[in-house]
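**Student:** Sequence:
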Amino acid sequence: MQSIDGIGPVVQCFGLALCGAILGGFANYLIYSWAYFPRPISPWSKPDPAAPPRRLADRLPIWGWFGLRRETVLHGPRFWVRPFAVELGMALALPLMFWYYTAGGGLLPEEFRTPERLAEFVGWGRTLFAVHALLVVLLVAATMIDFDEQMIPDVITLPGTLLGLLLSAITVNSFLPALVRWGDAIRVAPATFNVPWPYDAGWAEPIGLLVGLAIWWGWIFALTDRHLVLRHGLARAWGYLIHGIRRRPSSRWLLLLGLAGSLAITAAWRSGGETWAGSLSSLIGLAVGGGTVWAVRIVGSVTLRQEAMGFGDVTLMAMIGSFLGWQAAIAGFFLSIFVAIAFVLLQFLLTGDRRVPFGPYLCLGSAVAVVGWERVWNQTLSQYVELGWIAIFVLLFALLTMGAMLLVWGWIKRLLFRF
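Under this note's numbering, the first residue of the sequence shown carries the number 1, and numbering increases by one thereafter.
By construction, these hints were calculated from the structure, which means they are not laboratory data. Among the hints, a few may not be true.
Claimed, not checked - With beta-carbon atoms standing in for the labels, derived distance ranges:
id, residue 1, residue 2, range
1, Leu-345, Trp-63, 29 to 39 angstroms
2, Asn-194, Pro-38, 35 to 45 angstroms
3, Val-10, Trp-63, 17 to 27 angstroms
4, Gly-273, Ala-51, 45 to 55 angstroms
5, Ala-51, Asn-194, 49 to 59 angstroms
6, Ala-295, Ala-201, 27 to 37 angstroms
7, Ala-201, Ile-170, 20 to 30 angstroms
8, Phe-66, Glu-205, 54 to 64 angstroms
9, Asp-148, Glu-116, 21 to 31 angstroms
10, Phe-66, Trp-217, 20 to 30 angstroms
11, Pro-206, Ala-295, 21 to 31 angstroms
12, Glu-110, Ala-50, 55 to 65 angstroms
13, Arg-117, Leu-210, 34 to 44 angstroms
Think of the CB as a built atom: it goes at the ideal place given N, C-alpha and C, for glycine as much as any other residue.
Modelling step: build the complete structure from the supplied sequences, incorporating the hints.
**Tutor:** Laid out in structure tokens, this is it:
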């Protein structure tokens, strides 16, 4: 394991495991306190009035859940097993993740995994590790809430998206390392919005700012509580839509957020350089991640005549895109489809349950895209993206094909399950 400022590997591993357990405890707090239907399970939340008095030891990561087993009568048998597993899993994962991101060079192209290259990459790897550790906490919370409630609350994805935007503005090293071939040079560069193509200075002009602001306000509009009623005609529908948005209290807060975000985006644009490159990359990742799921949601709703994906899946993928950029967001989405098919078929065969909370598979697909970044992007997807407009037509064809597949799947379900 790569040494941190002279700290021995054993002490370093223990410290990372402790940080993982603490982050796991924070994830558990989010799961049980920030869900649509909160439950007083986390030792850091207000206990149930009927619960026995809690002890200081109950708040210790991992170990505390053995003491909290005394609340089984309130929360159900084995209620403590999952939060215990979350904290233990995070404690085991963080040291492995740190090694993979730094000394292991797992994110780098194979030809760049020499001792000299790894030494140069260590600072970048540590930055990526810290950023992705925060993302993992959010993904774990979103996954467990979606399993519990079949919904992902905005209180997880909205602050998470803002955090992704902020970290991207602070450093472009929050983006994954991409192998680029610009001219005669072959090197590794952060996967900002322009990759795999060279950066065009035109994005520093007002057109770049307009693109960033358009994405930002599109996201703000997507978060509004809106209803489009078409039975009285399109003209009246827009009037009802705007009136409905204006009279909801949450719209005022979203307006303030939109204005504050616009000022921040403008400030990043005026700063230029890596600050603007990181900010625009995060915004485009937000748009591509959320927009892809939204497009599939629309196609699925039209073909199946029912909601194919919840809007929480849209905001979740937008959050993931704000952290990882559009390249990993696209890869993560398509990988999640294969992950979902495998898990859902297994779930149906074992339990007969046909419900599909897609959020957990978006999270897992994105994690697979990051862990396999070298193979997924550098060796595979980047070659197709370099085709330019052809890649966009391929993506549109994939959406149409998916619509046809969903239509056929709807027929099969009606025949087999009498829907």
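**Student:** Hint by hint, say whether it matches the structure.
**Tutor:** Checked hints:
At roughly 38 angstroms, the beta-carbon separation of Leu-345 and Trp-63 lies within the given 29 to 39 angstroms, and the hint holds. Judged by the Cβ atoms, the range 35 to 45 angstroms given for Asn-194 and Pro-38 holds: they are separated by roughly 43 angstroms. For Val-10 and Trp-63, the hinted distance range of 17 to 27 angstroms is satisfied, since their beta carbons lie about 20 angstroms from each other. At about 53 angstroms, the beta-carbon gap between Gly-273 and Ala-51 stays in the expected band of 45 to 55 angstroms.
One distance hint, 49 to 59 angstroms for the beta-carbon pair Ala-51 and Asn-194, holds here, with the actual separation near 54 angstroms. For Ala-295 paired with Ala-201, a C-beta distance near 31 angstroms keeps the hint of 27 to 37 angstroms intact. Between Ala-201 and Ile-170 the Cβ separation comes to about 22 angstroms, which falls inside the hinted range of 20 to 30 angstroms. In this structure, Phe-66 and Glu-205 meet the distance hint of 54 to 64 angstroms, their C-beta atoms being roughly 60 angstroms apart.
Against the hinted window of 21 to 31 angstroms, the Cβ-Cβ separation of Asp-148 and Glu-116 comes to about 48 angstroms, which falls outside the hint. Separation of Phe-66 from Trp-217 is about 49 angstroms and departs from the stated range, judged on CB atoms against 20 to 30 angstroms. Between Pro-206 and Ala-295 the C-beta distance comes to about 28 angstroms, which sits within the given range of 21 to 31 angstroms. At about 58 angstroms, the CB distance of Glu-110 to Ala-50 agrees with the hint of 55 to 65 angstroms.
Between Arg-117 and Leu-210 the beta carbons are some 38 angstroms apart, a value that agrees with the proposed interval 34 to 44 angstroms.
The structure fails to meet hints 9 and 10 from the earlier list, while all remaining hints are met.
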